[in-house]
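J.: The chain contents come next:
There are 2 protein chains.
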Amino acid sequence: MPPTITAFESSPDRGRGQARDMRVRWAFEEVGQPYDVRLLSFAPMKAPAHRARHPFGQIPTYEDGDLTLFESGAIVLHIAERHAGLLPKDANARARAIAWMFAALSTVEPPIVELGMAMLFERDRSWYAERLPMLEERVRTRLGELSRHISGADWLDGAFSAGDLVMVTVLRRLNTSGLLDEYPDIAAYVARGEARPAFRRAFDAQLAVFKAASQS
Amino acid sequence: MPPTITAFESSPDRGRGQARDMRVRWAFEEVGQPYDVRLLSFAPMKAPAHRARHPFGQIPTYEDGDLTLFESGAIVLHIAERHAGLLPKDANARARAIAWMFAALSTVEPPIVELGMAMLFERDRSWYAERLPMLEERVRTRLGELSRHISGADWLDGAFSAGDLVMVTVLRRLNTSGLLDEYPDIAAYVARGEARPAFRRAFDAQLAVFKAASQS
Chain A
1 MPPTITAFES SPDRGRGQAR DMRVRWAFEE VGQPYDVRLL SFAPMKAPAH RARHPFGQIP
61 TYEDGDLTLF ESGAIVLHIA ERHAGLLPKD ANARARAIAW MFAALSTVEP PIVELGMAML
121 FERDRSWYAE RLPMLEERVR TRLGELSRHI SGADWLDGAF SAGDLVMVTV LRRLNTSGLL
181 DEYPDIAAYV ARGEARPAFR RAFDAQLAVF KAASQS
Chain B
1 MPPTITAFES SPDRGRGQAR DMRVRWAFEE VGQPYDVRLL SFAPMKAPAH RARHPFGQIP
61 TYEDGDLTLF ESGAIVLHIA ERHAGLLPKD ANARARAIAW MFAALSTVEP PIVELGMAML
121 FERDRSWYAE RLPMLEERVR TRLGELSRHI SGADWLDGAF SAGDLVMVTV LRRLNTSGLL
181 DEYPDIAAYV ARGEARPAFR RAFDAQLAVF KAASQS
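So the sequence lines, in the order shown, correspond to chains A and B.
The numbers in the first sequence follow the UniProt record's numbering, run straight up by one, and end at 216.
The numbers in the second sequence follow the UniProt record's numbering, run straight up by one, and end at 216.
In isolation and in its complexed conformation, chain A is listed as follows (with noise of 0.2 Å):
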């Protein structure tokens, strides 16, 4: 039996593969491994069955055999130490691919949820115009040390890995801001990684999810 993961049963992004669970099933297609998907709705997502596998209640988890794991960050770190494809064999490379993938979650992707939280649920607020750039100019500071850090190269050190499979899922929430047209370098980034055999068969996979929902 493949491993199970969760997803969510209509995706509040309409498909665009900004759903953490587009890490996981990007992954599973790098390596070649098949996967089963439980889909959710939102109240069995903060149901105690679901809060058994996830304590915040969220998508995605991953279930094989009596190993249970939450978090899309431990579970790519996992598929990519059991399967070759997203981790170097060399052991220093293999820890500073490690490395890229905390970079992308905890540097890069906090700015981005902020904004992005701002702009879904702070919109209407009496703040918004005059916080926004703030915000925007965070965003950017990380994105301006990225793109230095990049220039030129293909991915962020070496081959392809899972730093770069997270921090391309990372950066995509920024898809539709306009920023990530502000770094030429950044913009290219993303579009090699989305521009992955597997990245499309992963978007696909979900997009069909979406669209299966939307026409029930």
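Just so you know, the hints here were simulated from the structure itself, not pulled from any lab data.
Please note that the accuracy of each hint is not assured.
All copies of an identical chain are treated as equivalent in the list; a pair is satisfied when it fits inside any one copy or across any two copies.
To be verified - DMTMM-like cross-link-like pairs, simulated, lysine to aspartate or glutamate; straight-line CA separation at most 25 Å:
{"#": "1", "residue 1": "K46", "residue 2": "E114"}
{"#": "2", "residue 1": "K46", "residue 2": "E137"}
{"#": "3", "residue 1": "K46", "residue 2": "D90"}
{"#": "4", "residue 1": "K211", "residue 2": "E136"}
{"#": "5", "residue 1": "K46", "residue 2": "E9"}
{"#": "6", "residue 1": "K46", "residue 2": "D124"}
{"#": "7", "residue 1": "K46", "residue 2": "E63"}
{"#": "8", "residue 1": "K211", "residue 2": "D124"}
Go by the hints and put chain B onto chain A.
T.: Same frame as chain A, now just chain B:
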């Protein structure tokens, strides 16, 4: 030669152990390994020599022979993988401990940092009083979920692990907010972490650095 990490020459937290080198110092102490520290003031931290170690110009970094790492989570994981004491031997328990590291950094820390940033940088803004309860509520959501998970257990998943180490350092950022007092299970959990001899040694070491800087 022991590994060398970087830390603030004069930490903005005034020696309260909330800078991210604390996690790495604590990890070294838990596994009983020596380490050297190179102190950095703000300007060198943002200069090219340090950017080559840390593309985002932050502390801590980790150097050991020809390996350079950044991101406190990645450094803690690297130490935990190489020395006994921070990850269970059982493969499934090990994967779950790593999942808790990611949960601490990706799910629990962001709303705590967001609250902290607002308290530091938006206190004089017109919206501060209205926005603060919203930010506190986001933190409370995570603390409530974490509290339900812990509920009487000593640690997040069996024995103390790198997941607990990172989670306790994340929660300690709330020390002066009053929010931890609302969740006695979590306050007790943080206190258990802080009572570990390895934590005390790491705390004293970073405090000594701050005291030396403030006396010079």
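J.: For each hint, tell me whether it holds in the structure or not.
T.: To see whether the hints hold, each was checked on the structure:
1. K46 / E114: For K46 and E114, the Cα distance is within 25 Å both inside one copy (22 Å) and across copies (24 Å).
2. K46 / E137: This pair counts as between: shortest inter-copy Cα distance 17 Å, intra-copy 34 Å.
3. K46 / D90: This pair counts as neither: shortest intra-copy Cα distance 41 Å, inter-copy 29 Å.
4. K211 / E136: neither (32 Å within a copy, 36 Å between copies)
5. K46 / E9: within (14 Å within a copy, 44 Å between copies)
6. K46 / D124: neither (27 Å within a copy, 37 Å between copies)
7. K46 / E63: Classified as within; 18 Å inside a copy, 42 Å across copies.
8. K211 / D124: neither (30 Å within a copy, 46 Å between copies)
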